[in-house]
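Chemist: Here's the letter readout for the chains.
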Amino acid sequence: MSEEHKKLSIISFSGDFDKAVAAFTLATGAAAVNWEVNLFFTFWGLNILKKKTGRAFIGKGILARIFNFLMGGRKNLPLSRLNFAGISPHLMTGMMKNRNVATLSELIDAAKALGINLIACEMAMHILGVKKEDLIDEVREVIGVPSFLEYSRNGQIIFIS
Amino acid sequence: MSEEHKKLSIISFSGDFDKAVAAFTLATGAAAVNWEVNLFFTFWGLNILKKKTGRAFIGKGILARIFNFLMGGRKNLPLSRLNFAGISPHLMTGMMKNRNVATLSELIDAAKALGINLIACEMAMHILGVKKEDLIDEVREVIGVPSFLEYSRNGQIIFIS
Amino acid sequence: MSEEHKKLSIISFSGDFDKAVAAFTLATGAAAVNWEVNLFFTFWGLNILKKKTGRAFIGKGILARIFNFLMGGRKNLPLSRLNFAGISPHLMTGMMKNRNVATLSELIDAAKALGINLIACEMAMHILGVKKEDLIDEVREVIGVPSFLEYSRNGQIIFIS
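Residue numbers (this note's numbering), protein chains in the order written: chain W, 1 to 161; chain D, 162 to 322; chain F, 323 to 483.
Treat the hints with care, since some could be wrong.
[Stated by the list, open to error] Examples of chain W residues toward chain D, derived with CB under 7 Å:
hint : residue
1    : F13
2    : F43
3    : L63
4    : L70
5    : L114
6    : P146
7    : I157
8    : F159
9    : S161
Derived from the structure by calculation, the hints contain no laboratory data.
Quantities reported herein were computed from a predicted structural model and do not represent experimental measurements.
Cβ coordinates follow ideal geometry from the N, Cα and C atoms, glycine included.
Please take these sequences and the hints and turn them into a complete structure.
Modeler: Encoded structure:
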């Protein structure tokens, strides 16, 4: 397998804390050993990329605004199990710090520093009324399925739901 | 990469509304740009393919019948989060219509029209007591893991859980 | 595609009963038709590999010990939906026995017998304070993302979340 095949495309569909950590751990780990990495955020995963890291009424349309408020941003990501009303992600972050493991915020910074291709799903943004300016500036493109598949050619695709 | 490598095999394990939309969006988007697509339904994913779109006591054995009733059909798929007792999938469908985005029903029709290979998992059907005649006619085959892997050779596999 | 490409690497992130069954069914089904299989357990998935199959205060640090107790071991895996306080996995196992389908325990034994490469995630173990001796002896290695990707080269990667 030639170098060009060392390519990983991750579809980050989930907005759960633990799965976001998994997505960024895989992405940064792969980029660190020179794999090309595409990190594509869709649906709940968009919450990780929102500029506003807390709850905010963003989006177009009353339903979208309520839905975005309820989902919140990066600071509101729940644990997929044993969430205990949102306390667990904070405890987990504490455990990660104690063990000298990169926290989610640090992983996101590492992804930016490593030049990982952060892309957002056009259709999910359209449904949820989220605009490009609602997302962090590092999001390079807003694309659809055909473009994502083109980016992922010859590589491996992982879906984190 | 030759044309024959443009192949996507999706394992649709989830019976959640949002993940079913994701599976069919990926499948139809890939088929639209001439990828070969295998859409393999297992466990909760079988609910999407049931002929009876509402709750029904299908299956063999009392436990299987109760379980199938509780899971329901395509109209009972819950949102994986913020489901609000089943109201959210309807609100979400409304938002999709307002934005002129294909709804789940339209995506399923598109998948049929595009000739996407809809296949069902033999073992999951056996465990849940679901028979081929309980599923929509477009399901071409009921197969096991080895056949699925054979279909997926040289392609990319995605698992939506 | 040459024989060397018949390789499947499964990231078993989930600690849900139904998804564990899916991971081992895919793994053993692939190994049975001579695919090379890597089964990589991370985060909740580590519960499947714990020596203590029930609840136990394992791990280093008070938070880790509580968290491991709450997650439990192989006998405490919940169904991802319709869990009914842990009754459903037992009912499901009963249904599997009635249908002569391999149960989770039998699938794990088959995986061992087939020589499937069981590996555990270094970072997840570190965060959760779980040590190699807490896991079943069949776990060959504790590795990080770069080693996992190296194992998965030329193969197909599946993420079960």
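Chemist: None of the hints should be skipped; say for each whether it holds.
Modeler: Hint-by-hint comparison with the structure:
no.	hint	in the structure
1	F13	holds, 6 Å
2	F43	holds, 6 Å
3	L63	holds, 6 Å
4	L70	holds, 6 Å
5	L114	violated, 23 Å
6	P146	holds, 4 Å
7	I157	holds, 5 Å
8	F159	holds, 5 Å
9	S161	holds, 5 Å
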